[in-house]
Amino acid sequence: MRERSRGPSREDSILRPLANPGTKYYVMVAIAGAVLVWFLLAWAWQLRHGLIVTGLADWGTSGGVPWGIYIGSFIWWVGISHGGILISAGVRLFKLKVFYPVARLAELLTIGALTIAGLFIIIDLGRPDRVVTSVLKSYTLTFQTSPLVWDLTVITLYFVLTATYMLLTLRHDIYALRRRLPSRFAPLYQLLAQGYQPEEDAKVSRMAWWLAFAVIILAPFLLHGGVIPWLFQLIASMPGWFSPIQAPTFLSIALTSAFGSVIIVAYIFRRVYDWEELLPDRVFSRMGSVLALVGLFFLWLQLQAIMTGAFAAPVGLLTATEAKMEDPVYWVAIGLVAAAVLYLGAQTIWHVLFSVKRVVIVAIIPVLATLFEKTLFIVEGLMHPLFNIYRTVPGSYSPTWVELSSIAGAVAMLVLFFAVVSKLIPIIEVEAEHEEKEE
Amino acid sequence: MEDKNESVPPATQFNAELAEQVAGDARKLIVGRLSEAEFYQKHHQAYLKEFGVDNRPLRTSESIDSTSAESVLAKQVSRRTLLKLGGVTLASIIGARLLGGKALAAGAPIGNNYAGLLLKGNEEQPQKVGKQMGMVVDLEACDGCLSCVYACQNHNFNSAGVFWIYVLAYRDENTDKPNFLTRLCQHCANPPCVKVCPVRARHKREKDGLVLTNYDRCIGCRYCQVTCPYGVNYFEWGVPEKTNYYHPKLTDERGVWVIGNPPKGVMGKCTFCPDRQDDGRGNVVCALVCPHNVLHFGDMNDPNSEPHQYLRQKMKEKGGNLSTFRLLESQGTKPSIIYIGQQPTRSAQQIDGPVSYADWGLVEKRLDVLEGPQPWFMKAFGGGQ
Amino acid sequence: MEWIGLPIGRWLLFGIILLPVYGMLLGWFLGKPRNFPMAFRGLAYLLGMIVVLWGGLFTLSMLIRFVFFPS
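In the order they appear, the protein sequences are chains D, P and W. Under the numbering used here, read the first sequence as residues 1197 to 1635, first letter to last. Under the numbering used here, read the second sequence as residues 1165 to 1549, first letter to last. Under the numbering used here, read the third sequence as residues 2 to 72, first letter to last.
Bound conformation, chain D alone (with noise of 0.2 Å):
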């Protein structure tokens, strides 16, 4: 493939980033840097004197619940890496071409989230310093039966997946933009596009296509609504999970809060790097549409879920149905959506209403809306088990300053993550083939 001339203009704007940085970026990362000490800090108080620190307890006799906002941050993150892999499937696969110039940016943030996602599992654990020598001792046995093995099979595989869709497709970039890149990183940019011809393009693309369609089979319908689900909703001790209907339900509600941190990223590169003409306006529309959608998907689940355990459901499914119908932050949640939603589909419908700015706001509701979301499903269903003679259930779960110090350090750690890769390559694919032609 011939690299198509665009003049320097566009290039000019997916380079700016990698210029040498204003005050702005430094008090930014700084400002990350200091919230990301403090979690270490607390992370490492936590090593030093085990996980009594949290709010955590055992469920029974104990009063507490064994699982809370760790394990609901992993599924939140996990969650939003969902964004970055499916635009770009959507790009390759159905040729929605109005996403291209975001795909290279939600790729990023799906890998970014997801070793997020991962480090959550790892702080969760009693005794991290096992993890990998107990887990490949025992793979052979316990990828048989256990669905956490099987998680972390399919994280393991997606993470794989998009980091060498990643790495094939930057080699072209590089070799495009190879006279204009910093030269210190050169060693790095060698690296990456090692042995690149440009003949290599035709195959890499159809390599990317493949790839994307792996992706897009996986991550949706095996992860977020395979086994991550499955975690949950395979447990009938805990009536408040034991239903097929987690996997679409976690899958909706995954995809509102990817594609919402995608339209937020996206955003703050526009404005920063004044990139209006490579990310215009109707990708945002187009994104919220999106979210309306999957939002509308996540609330109509919700109905069946409460009609289902509210009506005549067993003893079990019953009162978890009721604590959770009982609990305001369950509604406030719900409402948010609802409220996203709503807006988010009359500016599909009528589009006066929309602005980017309004989008953007907007989208950030069911990002931290799933947060919530996820957190409340996980500690419900352990506070209303099945077996509830005991006097001390329900328990009670309020999360402590370790565990929210990881909330906020994972944030700062997403955005240091974006502010060395801006830094390093390229965010925005230069191949401009793909471009949708200016209406």
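Derived from the structure by calculation, the hints contain no laboratory data. The beta carbon of each residue, even a glycine, is placed where N, CA and C say it ideally should be. Take these hints with a grain of salt, some might be off.
[Said to hold, decoys possible] Partial selection, computed: residues in chain P whose CB lies under 10 Å from chain D:
| # | residue |
| --- | --- |
| 1 | I1383 |
| 2 | R1418 |
| 3 | P1539 |
[Said to hold, decoys possible] For lysine-lysine, the following DSBU-like pairs were computed, each having C-alpha atoms within a straight-line distance of at most 30 Å:
| # | chain 1 | residue 1 | chain 2 | residue 2 |
| --- | --- | --- | --- | --- |
| 4 | P | K1428 | D | K1333 |
| 5 | D | K1333 | P | K1498 |
| 6 | P | K1371 | D | K1333 |
| 7 | D | K1291 | W | K33 |
| 8 | P | K1413 | D | K1333 |
| 9 | P | K1295 | P | K1478 |
| 10 | P | K1529 | P | K1406 |
| 11 | D | K1333 | P | K1295 |
| 12 | D | K1220 | W | K33 |
| 13 | D | K1333 | P | K1368 |
Fit chains P and W to the supplied structure of chain D, relying on the hints for placement.
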């Protein structure tokens, strides 16, 4: 001094410290570190001072005699006066010692009118081959004295609020009097905790079907606790409060560390005392100390084991009409414990028992005491929990 | 938990989860334009990233072990 007036409800004025010492020495007696004479002499004065009498038996011969076992266990138990706390513990330990490990003659085949469990030959046996250790728990004999709870907690050096065996009194719709449920790990034949463990730290021992946790391999993900329908798992959230000095060896005969309490960051639960299973002593500590013959430990796949013998005996007493159940049987876990008594219904609710955990100096709700250290700046903010 | 004598996890992993990966690998190696060096490079990236991920995790866990769980 103890109030001996029968119309006064049980007092809580006994000497908990003495009871703890006696229980500790009773354990040493079990393993043979202390002789009976030493044991008797050690606390004789204290007993006289506290209770005015010392009714603990002192035998001069070690002869095994099943009839004397019955008399030792019988009428000395009076739960209204907690007077005999230490003595009862000891008496039942000695008595139960005599009961353990005896081969009894084959009895009549087991009938098929247990509520929820029809035994039609070997097909219905949960674990098809080999030994499956389990229990027959006679809830009709249980009176909620909590001796088993105290003994297990101390024997395993468990932290406060960790109850590998737990006894609860509950009110249910089918009866007026309080019911008791002795809840311990069911050592299921189809254990969900084993299935979900991502590192196979939780496993089922082939030799005797014990479900155990490998403390060297567990990564502390707590999925076993999430999955277990019975709520028998206790995670070591912080540094264990007590050091295990009692067990001579913490690894079982396979060399796997499964004995005693877990270290920080690792899951623990009732182990059916594998050290006792491995060195031939047999039985489990909770069954040993129970003053009312509630717990009967043995091989559930062996129709001639002590628990099955007991079951048959009870059936005979009740004229063939015995109500039994397995807990949460519909969950498909194939628990190895058969309960004699009425199954709790869905409306069963725990109530205060005649003996409270506080009476034993135990913390009942672990969350109340589960608090980690606060760094100086959190203390300045008034704590973060 | 078993189907035709095999534990359910085996069916799940090899029969469902890995299906898209099989398809992808077939597409890489058999699809046009034929370019085996690139296909192998892609496979190398794939396997290499697995090593990077678990190696990184292993390094982190060893760090945690030596600092917080010395024995």
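Each hint tested on the structure:
1. I1383: With a closest approach of 5 Å, the I1383 of chain P hint holds.
2. R1418: For R1418 of chain P, the interface hint is violated, since the closest Cβ of chain D sits about 15 Å away, which is over 10 Å.
3. P1539: holds (6 Å)
4. P:K1428 to D:K1333: The hint holds at about 21 Å.
5. D:K1333 to P:K1498: holds (28 Å)
6. P:K1371 to D:K1333: holds (22 Å)
7. D:K1291 to W:K33: holds (20 Å)
8. P:K1413 to D:K1333: Measuring from Cα to Cα gives roughly 25 Å; hence the hint holds.
9. P:K1295 to P:K1478: holds (23 Å)
10. P:K1529 to P:K1406: holds (18 Å)
11. D:K1333 to P:K1295: holds (28 Å)
12. D:K1220 to W:K33: Violated, at roughly 48 Å.
13. D:K1333 to P:K1368: Distance ~17 Å between K1333 of chain D and K1368 of chain P Cα, so the pair holds.
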